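Q: Residues per chain, in single letters:
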Amino acid sequence: MIYLELFYTFFKIGLFCFGGGYAMLSLIQDEVVHHNGWLTMESFSDIVAVSQMTPGPIAINTATYVGYTASGGNVLGSIMATLALIIPSVVMMSIVIRAYKKFSQNKAFQGIFSGIRPVVAGLIAAAVLNMATPENFVDYRSYLLFSASFLAAYFYRVHPILLMVLGGFAGYLMY
Amino acid sequence: MCWELFKVFFRIGAFTIGGGLAMLPVIEREVVERKKWLTKEVFTDILAVTQTMPGVIAVNMAVAVGYKVRGTKGSLVSVLGAVCAPFFSILALAIFFQNFRDNPVVERIFMGMRPVVVALIAVPVITTMRSIGLTYATGLIALAATILIWLLGVSPVWVILVAGLGGYIWYRIETNRKRRRGL
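Going line by line, the protein sequences match chains F and D. My numbering applies: residue 1 is where the first sequence begins, and numbers increase by one. My numbering applies: residue 176 is where the second sequence begins, and numbers increase by one.
A few of these clues could be false.
Said to hold, decoys possible - Calculated pairs, DSSO-like style, for lysine-lysine (alpha carbon to alpha carbon, straight line, at most 30 Å):
# : chain 1 : residue 1 : chain 2 : residue 2
1 : D       : K211      : D       : K182
2 : F       : K102      : D       : K210
3 : F       : K107      : D       : K243
4 : D       : K353      : F       : K107
5 : D       : K210      : F       : K12
Hints listed in this document are in silico derivations from the structure and should not be mistaken for laboratory results. Values in this document were obtained by computation on a predicted structure and should not be read as measured data.
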């Protein structure tokens, strides 16, 4: 049953994503694109693109979108996926916040997180490489757009929304 | 008070564009400076905890701040507020996007945006590495994680579990060594 599958998948994503936003992408890709085939890598990239320009965290946006499309256009799918994504957060944070002082000084906990931190960079790198598909990079112009926007974002800190708009405009003119 | 919490987190959810991390300074401004619900010190402590917990950071923050201000009820209301705007805006988009998907103009626009999005995600790979400090150890761990997930198709869940376990074992070894030295 699709609603249970959506719930199970996004619950897992909510439970195992550390390091926020971009670090979740490889987990979402693995579950939604590779494992369940609910999205192609191309439409996954489109959702990430849209997420850069709409309010809210990428994970919530993806859950809402995939919930809708995977259930054949049912709002209930969106609700299930989004709820499943936030339930682990809400439950665990509700427990931890009662003793947050202890947690923020707990050495064992810091040890666990110190192991996860370098992996977060690897998770993001894997997400990038997974998205470097022929569908996303159709020809040399794609590589030009990639390089130009990487330089603009990294060295000149150009705002992501501006870059997305420029990229969309360039695509409209070039293709 | 609950209505106030809902309003604040709704606004945070509705007006912070570009993901959870972009929301953090906005949450701080609203909760610490404007509403004065929490002191800067408590906020910083909470922030440290939310970032080590799994899940969407903005949701974690909503739970934490809501709880501090108004208990369990406060945390539920805050989460609801934070999720509302993203949920409905994407739902609306998902419904309309189905009709636009095959539009050639939309497809051209997305053809231009896709490489840009990949570039925007490539940037935090470098900034994350720089913020944790690039050494042989961290570099190798990051590289190993990349290869496992990207080339070998290992689920990120396993990589995260093993990394957390590794971090814990390392912490035990370190504390044992310190104890033996009599520190």
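Q: For every hint, state whether the structure bears it out.
A: Hint check:
1. With a C-alpha separation of about 15 Å, the suggested pair K211 (chain D) and K182 (chain D) falls inside the 30 Å cut-off, and the hint holds.
2. Distance hint between K102 (chain F) and K210 (chain D) is fulfilled; the C-alpha atoms sit about 26 Å from each other, no more than 30 Å.
3. The straight-line distance between the Cα atoms of K107 (chain F) and K243 (chain D) is roughly 24 Å, inside the 30 Å bound, and the hint therefore holds.
4. For the hint pairing K353 (chain D) with K107 (chain F), the CA-to-CA distance comes to about 14 Å; that is within 30 Å, so the pair holds.
5. Among the hinted pairs, K210 (chain D) with K12 (chain F) is inconsistent with the structure: their alpha-carbon atoms are about 35 Å apart, more than 30 Å.
Violation of the numbered hints given earlier is confined to hint 5; every other hint is satisfied by the structure.
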